[in-house]
Every structure is written in structure tokens, then in C-alpha cells.
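Enquirer: Residue numbers (this note's numbering), protein chains in the order written: chain A, 1022 to 1432; chain B, 4 to 141.
Hints may be right or wrong, so weigh each one.
Capping the alpha-carbon separation at 30 Å, the derived lysine-lysine pairs in DSS-like fashion look like this [stated by the list, open to error]:
(1) Lys108/B to Lys1049/A
(2) Lys1426/A to Lys65/B
(3) Lys26/B to Lys1049/A
(4) Lys1049/A to Lys35/B
(5) Lys1045/A to Lys45/B
(6) Lys101/B to Lys1432/A
(7) Lys1432/A to Lys35/B
(8) Lys1190/A to Lys1168/A
Since the hints were made in silico from the structure, they are not lab data.
The primary structure of each chain is shown beneath.
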Amino acid sequence: MADLIKKPFNVKEIREQFPALRQKIYGKNLVYFDNGATSQKPQLVLDAINLFYSKENANIHRGVHFMSQKATTEYEASRIRIQKYLNAKKSEEIIFTKGATDGINLVAFSYGELLQAGDEILISAMEHHSNIVPWQMLCLRKGLVLKVIPINKKGEILMEEYEKMLSRKTKLVAITHISNTLGTINPIKEIVQKAHSVGAKVLVDGAQSIQHLKVDVRDLDCDFFVFSSHKVFGPTGIGVLYGKEDLLDRMPPYQGGGDMISKVTFERTTYNELPFKFEAGTPHIAGGICLGTAFEYLESIDMVAAEKHERELAKYAEDILDTFEGLHIIGEAKNKTSVVSFTVDGLHPFDIGTLLDKQGIAVRTGHHCTQPLMDFFKIPGTVRASFAFYNTRQEIDLFVEAFEKSLSMLK
Amino acid sequence: MSIEEKQQEIIAEFNVFDDWMEKYEYIIDLGKDLPLIAPEFKTDDRLIEGCQSRVWLHSEFKNNLMEYSADSDAIITKGIIGLLIQVMNKETPETILKTDLHFIKEIGLQEHLSPTRANGLLGMVKRMKTEALKYINN
Ligand SMILES: Cc1ncc(COP(=O)(O)O)c(C=O)c1O
Chain A
1022 MADLIKKPFN VKEIREQFPA LRQKIYGKNL VYFDNGATSQ KPQLVLDAIN
1072 LFYSKENANI HRGVHFMSQK ATTEYEASRI RIQKYLNAKK SEEIIFTKGA
1122 TDGINLVAFS YGELLQAGDE ILISAMEHHS NIVPWQMLCL RKGLVLKVIP
1172 INKKGEILME EYEKMLSRKT KLVAITHISN TLGTINPIKE IVQKAHSVGA
1222 KVLVDGAQSI QHLKVDVRDL DCDFFVFSSH KVFGPTGIGV LYGKEDLLDR
1272 MPPYQGGGDM ISKVTFERTT YNELPFKFEA GTPHIAGGIC LGTAFEYLES
1322 IDMVAAEKHE RELAKYAEDI LDTFEGLHII GEAKNKTSVV SFTVDGLHPF
1372 DIGTLLDKQG IAVRTGHHCT QPLMDFFKIP GTVRASFAFY NTRQEIDLFV
1422 EAFEKSLSML K
Chain B
4 MSIEEKQQEI IAEFNVFDDW MEKYEYIIDL GKDLPLIAPE FKTDDRLIEG
54 CQSRVWLHSE FKNNLMEYSA DSDAIITKGI IGLLIQVMNK ETPETILKTD
104 LHFIKEIGLQ EHLSPTRANG LLGMVKRMKT EALKYINN
């Protein structure tokens, strides 16, 4: 894989790389504003998937033959590429998982085994169900206490409250980097420093940040970082758990099976080293390799310019939406990514979403897997437009036009 | 009118629409016009929780026929409920149980009754049938 050279940021050129964006839906040009749910895939990734299954398909870590060796080499090369992208110290710290949810469950089980009744876990009020339920399950299993860091009406963490909640009993803070519903970017570095000062570890749910920000796990100094490939231009069914080596070393395996063992007898089994200790069974090989390709693609993008473009899109959309009577933007954090969530007085998000869909506009409506957050705002759900760097102002204009039409039908 | 004739009537009505927006305009108008359920029946035991929108269903058995009333917090859902009730109301439990609501597919709204849609409508049709079942052989 040759390294691509970073080109000046150009939306038109970027869009040409994404065939899914050039579709008509119900006869209308597709406007894809559901990037928070999943991202579309660039041609580079599509070609890599095709190539793998056409020519390179073989099982890894166990073959003597040419194809197996080649697949193994590529799978491990992808791990190294991801390690470098995240600036992790070692490739052993990159564990392939099924996705963000799987990574959180791994940590909840495995790190959870090191904890004792009475220990405390902190999450925030804006977490995705994936970063709530595994901790509730762990708390039930081990008699731990789950506490929720409150937020303000803008959708920002109350840092003073957070500090007050930290104590020697706190063993883990599990927090999202970016809220999928509100777009809030949390001050992770500060959160990590404060947690470390009482000896607690921090898991960062990076499902919504990896595609928007240049993530550096050593700069953040978090202990775990999870994300899903499908939200960062890679295939579905694969993701990554980054963990600090000494911590991963101390944690027992999550699942048993092939690949994760060193030696098996009926009396006693010894486990493989990192990262394989946490990768039981034949993994999603094509996914792992092609996630590497997705990062190869990302490396070719000027992420600073891309993020600026995304923020401009969100600002442009919010400024227009603000002029609608009875429309409320949900999530007004000072530091925010390109997510625009809103409600309209007297209208149900589902109705708005259905009518937008019939005009070719893909948004998400509902609670976005953050029901407790909806309860906090006392709303049943929102309409959410979430932008990626391949979106444009013209698309927002189309969205606004379709939105006005929907309103006129519903009111 | 038989239950099949009622379905055919709706299909004919929808045939005049040229595009999606016209269809939805009609459904929304249905939803707006119909006060479907008496407020005292909007209780939790009549609630069918969907992931997106919520549906309340009340049923009565009168003169050997089922009578339904329902409501939803989303207006499109409510409009589709209007269509379902138009078809199912004042039919015998036996007819309700054996009827295939094929008109929904023919007017292009099957997505709203798919299990993935999670708007409570599929649950509502199921509950319409289980309520009817109570009055068979009783
Ligand atoms: C903040 C956040 N966390 C976790 C997840 C779960 O990701 P996945 O379903 O890919 O495991 C999502 C996906 O919507 C998310 O937005």
C-alpha cells in the first residue's frame, strides 16, 4: 500500500471518492446527513474489500501457505497503521473487536474482573446506551456502584460536580469523547488528569470522535479508547480497543477459543500474549485489513481543514434553522462538532424524518440510543443531521428546502 | 362492504396520487382529522411502545363486531392508523383474524408495518388480532 500524499482539502474531489453519495433516492438526489449513525465508504476501501475476497482470502495466524502468510501480514500491517495513527506506544495495545460496543463490553468484563464490591464507576449523563448498559451489567454482577456525572442544559459536563464525585473508590470513568446526540466535545484531557489524580482509569468512547478529530491516545493519556470502523469510513463488523499495555496485561481474557491460547491441555490452558489474548477465534479478517485502508484514506485527508469545513457546515445549518419559529437546537455546547439536533414545537421528529426521507434527505430521528439524555431534556427524541467532510452547503440548502416543505405539510 | 372491498377502495384512492408527497399529504390530513381515541382510554395498558412513535389501542366488542379506536403521538402514524381502522372496524373477530392487510403493501406503505420501523404499528395490528381472538368461542 503506497502512502497517499495529503492534498489540499477539496470537497468536490473528496465526493468523487464516495460512490454511495451519487445516488437518487425516490427520484431525488441523495443528501446523506446520517453520518453519526454510519459513514459512507471511499472507493479505496471498496476496492480493498473486493481485492481481499477476490484474491487474498485466507485464514490468518495459522497457515503455512502463501495466501495465509500474506493475509496475516496485511492484517498485522493494518494494526500497525492504526497504532501509528492513534499514536499508541505499541501495536500490542491495538485489539481488534467487533466495534465500539464490543470494546466496551470487553473492558467491562475483563477490567471488571479486577474490581471489588463497593468500587465505583462514573459515566456521564450524555452516554450512548452502549456506554451505560455494560456498566450496569457489571455493577449487578460484582456489586459495584454506578454514578452519573451531570450536565447542564447546553449539554456540557459539569466539571465541578465531576471533581466532587471522584474519590479513592472511583476505579473507572467511562465517558464519550463526542456526544452522538448533542455533538458536545468533552474535555477528555482534563477529565483524564482528574481521574488519574485519584488513581481511577478512564475509558473514552471514541465512536463519534475518530472521524472528526485527529485522535492521539498518548496526548489524551486515556487508559482505554474504543471506536467502530463503520463510522470512520471502514467496513462494518470491526472496531478497535486501544488499551495501555500494563493494564491489558493485568486483565484476564474476555472470550476463550482459538488464537488466544499459548498451550491447551485438559488440565490447564495458558494464554497467548497481547494483543492475541483478547482476540479469540477467526476474526473479521477482511474488516481488519480494510479498516487499515480506511486509515490510509484518512491519512490522505487534511483533518484540520476537514474539521473546519464540518464546523462551518454545522454553523451554516444552525444559523438557518434558528430562524424557524418554535425550533429548538438541542446541544449548544461551546465546543461542538458537526451534529445538529433539534425539535420543533408541536411536531413529532418521526413525522419530520419520514417526510425528509421521501425527499431524498437521510437524517436520523428518535432518541439516538440515549434515552436518559432525552429524559433530561424532557423530549421524546430529536431530528439529527450529522455531517461528514464530504457534505456541502448546497446539500444543506436542499435539506432546508425539504424541511420547509415538510413543515408546511405538518402544520 | 366486505373487508376486501374496503381494502380495494383504499387502493383505488391511492392510485390517483402521482408521488410520495401527495400520498403523505393525504395520510397527514387523515391523521389531523381523526380524533381517534377517547382521552380516558389513553392509558398505559393500552400503550404499544415503539422505538420512534407511540400508539394507543382501545377495543370493544359490540353486536358481535369488533370496534377499535387508536391514537399516536406522530401524525403520519396516526394517519396510517386511520386507514387500518377504516378496514378493520365493525368486522367479526373471525374475519379480523384471517384477513391479510394486503392494501398496505399495495399503496406502498409496507415499510411502516415492518418490524424494523419500530413505530408501534406492527404491534398495533398484532394487538388488534389478539383482542379479536378473545371473543372467539367465548
Ligand atoms: C457515542 C457512541 N458510542 C457507541 C456507539 C456504538 O457503536 P457500535 O454500534 O458501532 O458498536 C455509538 C454508535 O451509534 C455512538 O454514537
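Enquirer: Does each hint hold? Answer for all of them.
Expert: Structure-based check of each hint:
no. : hint                   : in the structure
1   : Lys108/B to Lys1049/A  : holds, 22 Å
2   : Lys1426/A to Lys65/B   : violated, 43 Å
3   : Lys26/B to Lys1049/A   : holds, 16 Å
4   : Lys1049/A to Lys35/B   : holds, 27 Å
5   : Lys1045/A to Lys45/B   : violated, 41 Å
6   : Lys101/B to Lys1432/A  : violated, 38 Å
7   : Lys1432/A to Lys35/B   : holds, 10 Å
8   : Lys1190/A to Lys1168/A : holds, 11 Å
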